[in-house]
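Chemist: Go ahead and model the full structure; you've got the sequences and the hints to work with.
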Amino acid sequence: MSYKLRVEALQAWYGQHQVLKGISMPIRANTITAVIGPSGCGKSTFIRCLNRMHEVVPGTRVAGRVWLDGRNIYNGINAVEVRRRVGMVFQTPNIFPAMSIFQNVVAGLYLNGIRGRRQLQERAENCLQQAGLWEEVRDRLHDTAAGLSSGQLQRLCIARALAVEPEILLMDEPCSALDPIASIRIEELMRELKASYTIILVTHNMQQAARVSDYTAYLCDGELVEYESTPEVFIRPKDSRTENYITGRGADTRPL
Amino acid sequence: MDRLGAAGYRETNERDMGKSGISLYSGRWRQIHCRMMTGLCALAVLTLLAVLLIIMTYILLQGIPGLNWQFFTRPPAPVGLPGGGVYHAITGSLVLVGLACLIAIPWGVAAGIFLAAPRRPGPLAALVRFTADVLSGVPSITAGIFIYTLVVVRMHTFSALAGGLALAIVMLPVVTRNTEEILRLVPRGLQEAALALGISWWRVMLHIVLPTAARGVAIGITLAMAGVAGDPVPLFFTALNNNHFSLDLTQPMASLPMEIFRYAAGPFVTWHRLAWSGALVLIGIILLPMLLARIILPGYRIRR
Numbered sequence: 000m001s002y003k004l005r006v007e008a009l010q011a012w013y014g015q016h017q018v019l020k021g022i023s024m025p026i027r028a029n030t031i032t033a034v035i036g037p038s039g040c041g042k043s044t045f046i047r048c049l050n051r052m053h054e055v056v057p058g059t060r061v062a063g064r065v066w067l068d069g070r071n072i073y074n075g076i077n078a079v080e081v082r083r084r085v086g087m088v089f090q091t092p093n094i095f096p097a098m099s100i101f102q103n104v105v106a107g108l109y110l111n112g113i114r115g116r117r118q119l120q121e122r123a124e125n126c127l128q129q130a131g132l133w134e135e136v137r138d139r140l141h142d143t144a145a146g147l148s149s150g151q152l153q154r155l156c157i158a159r160a161l162a163v164e165p166e167i168l169l170m171d172e173p174c175s176a177l178d179p180i181a182s183i184r185i186e187e188l189m190r191e192l193k194a195s196y197t198i199i200l201v202t203h204n205m206q207q208a209a210r211v212s213d214y215t216a217y218l219c220d221g222e223l224v225e226y227e228s229t230p231e232v233f234i235r236p237k238d239s240r241t242e243n244y245i246t247g248r249g250a251d252t253r254p255l
Numbered sequence: 000m001d002r003l004g005a006a007g008y009r010e011t012n013e014r015d016m017g018k019s020g021i022s023l024y025s026g027r028w029r030q031i032h033c034r035m036m037t038g039l040c041a042l043a044v045l046t047l048l049a050v051l052l053i054i055m056t057y058i059l060l061q062g063i064p065g066l067n068w069q070f071f072t073r074p075p076a077p078v079g080l081p082g083g084g085v086y087h088a089i090t091g092s093l094v095l096v097g098l099a100c101l102i103a104i105p106w107g108v109a110a111g112i113f114l115a116a117p118r119r120p121g122p123l124a125a126l127v128r129f130t131a132d133v134l135s136g137v138p139s140i141t142a143g144i145f146i147y148t149l150v151v152v153r154m155h156t157f158s159a160l161a162g163g164l165a166l167a168i169v170m171l172p173v174v175t176r177n178t179e180e181i182l183r184l185v186p187r188g189l190q191e192a193a194l195a196l197g198i199s200w201w202r203v204m205l206h207i208v209l210p211t212a213a214r215g216v217a218i219g220i221t222l223a224m225a226g227v228a229g230d231p232v233p234l235f236f237t238a239l240n241n242n243h244f245s246l247d248l249t250q251p252m253a254s255l256p257m258e259i260f261r262y263a264a265g266p267f268v269t270w271h272r273l274a275w276s277g278a279l280v281l282i283g284i285i286l287l288p289m290l291l292a293r294i295i296l297p298g299y300r301i302r303r
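Which chain is which? The protein sequence lines are L and E, in order. Number 222 in numbering that gives the first Met the number 0 belongs to position 223 of the first sequence; there are no gaps in the numbering. Number 185 in numbering that gives the first Met the number 0 belongs to position 186 of the second sequence; there are no gaps in the numbering.
There's no promise every hint is true.
Derived DEER-like restraints, expressed as beta-carbon distance ranges [unchecked claim]:
id	chain 1	residue 1	chain 2	residue 2	range
1	E	A109	L	I180	45 to 53 Å
2	E	L286	L	Q120	42 to 50 Å
3	E	L42	L	I180	49 to 57 Å
4	L	E164	E	L296	32 to 40 Å
Here are some, though not all, of the chain E residues that point toward chain L, as calculated from beta-carbon distances under 7 Å [what the hints assert, rightly or not]:
id	residue
5	A195
6	G197
7	I198
8	R202
Please keep in mind that the hints were generated in silico from the structure rather than gathered at the bench. We put the beta carbon where it would ideally sit given N, CA and C, even for glycine.
Modeler: So, in structure tokens, the structure goes:
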């Protein structure tokens with residue numbers, strides 16, 4: 000199996016505070032990799048470094064290398080180009096309020112110069128279908144998204160991220176604001192999308208990580224503690240810290 | 000107030016002593032403080048409203064009698080003769096403020112976008128913000144003198160062009176900082192979502208952040224406009240005044256604040272009435288775009 004992404008000695012700072020202390024992990028193509036760990040361990044920072052969103056926050060710094068198909072995204076590539084290839088879905092559905100559902104889906108294409116009406120319509124339908132939202136919104140594509148439920152909004156965000164045809168999809172706790180039924184929908188969706196995308200999922204939900212992911216990485220205090228296939232991590236964790244975390248006995252490394 | 004402040008806590012009225020022995024801020028004292036603060040806030044609001052109401056009523060009472068067809072359609076009557084209007088000053092003000100807007104709005108909004116953009120803060124942004132702050136603190140007469148030496152002296156005449164430029168200098172920093180502050184209110188998450196789609200920051204600002212905050216930005220602009228529309232000070236050394244209707248940008252031009260100043264300082268009662276009516280018209284001209292911005296542009300509620 001080929002590696003889509005290779006992370007090498009990745010370090011990240013917020014001001015003087017070092018959040019990631021040298022993480023190295025290869026990520027396989029067309030798999031779902033779950034990143035788990037206690038709050039503040041650097042999970043979100045880690046995936047934000049994979050599409051250069053970390054540097055958007057003032058006062059931050061990144062060191063190390065991230066190879067995307069053999070090219071270091073921190074050397075010689077424009078951040079905008081990186082983000083087109085590595086899409087992201089956030090914890091809260093950030094719908095553009097001044098735009099209709101249709102405009103939201105094609106925003107990434109339209110604002111990058113693709114203006115063909117038919118092309119945009121085809122792409123919107125296709126992405127909404129991939130996100131399992133087409134049937135629910137096909138009659139109100141040109142309304143604002145205000146009337147949608149939060150589960151629908153999150154699927155709209157996924158459709159929007161898919162529209163620019165990324166190769167990798169980063170998902171930062173995409174279900175944490177959703178009810179269990181909407182969460183299951185998103186999980187099913189991730190499994191379907193796996194065929195065409197490489198997915199990296201940050202989650203606080205152990206069951207979710209166990210259900211959908213192929214590989215699981217346990218991050219603690221900015222370090223990668225364990226990274227194995229998901230059954231391996233959940234059935235035979237090698238590190239006691241991982242075991243404590245997944246069995247709910249606490250992270251043990253930080254004082255409460 | 001009573002329902003908000005007290006009802007929910009009435010049962011725990013006595014004195015909340017936790018196990019640790021720390022007494023919480025609660026019970027009757029909390030209720031009394033709550034009422035006092037609410038009362039003070041209400042008093043402040045009422046005072047402000049009263050002042051506003053008194054000013055508006057007074058201007059309406061003094062200004063309305065002088066309003067008639069002549070007032071809007073005629074230039075001033077020769078000294079000593081009754082009648083006459085401020086037609087020339089209304090058009091003059093529209094031209095001068097229009098000229099200022101033409102310069103200050105594009106530059107100011109662009110600078111505001113630049114300052115609010117989600118990039119690493121560089122020395123240029125800091126310099127622009129500092130300059131805007133200093134410029135908005137400079138008295139408006141300075142802008143007039145500056146344009147006087149730069150334009151009026153070289154053209155050998157006072158002119159509408161110079162007046163518009165002076166007003167633009169006064170308006171620019173206000174538009175810049177208002178735009179920046181309003182754009183900063185748009186949640187970061189929205190910008191990040193757009194950036195993560197591989198959209199460059201300036202497109203994100205122009206096509207996503209700006210439309211989301213359009214109403215706020217427009218109201219910020221109308222406030223800046225209102226500021227210069229009523230200010231005669233930058234015009235003393237630049238557009239000066241004109242007794243006749245003129246649209247020639249290279250000639251002196253009348254304006255409502257200058258005419259109000261002239262009429263109010265004059266010796267005739269009829270002039271005083273014209274000054275009041277002029278003030279009323281000025282307020283109308285300022286209020287109109289402000290109301291339009293509120294009515295036409297949609298406001299968005301953003302989920303956080």
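Chemist: Could you run down the list of hints and mark each one as holding or not?
Modeler: Going through the hints against the structure:
| no. | hint | verdict |
| --- | --- | --- |
| 1 | A109/E with I180/L: 45 to 53 Å | holds, 47 Å |
| 2 | L286/E with Q120/L: 42 to 50 Å | holds, 44 Å |
| 3 | L42/E with I180/L: 49 to 57 Å | holds, 52 Å |
| 4 | E164/L with L296/E: 32 to 40 Å | holds, 34 Å |
| 5 | A195 | holds, 4 Å |
| 6 | G197 | holds, 3 Å |
| 7 | I198 | holds, 5 Å |
| 8 | R202 | holds, 5 Å |
Comparing the model with each earlier hint shows no violations; every hint is respected.
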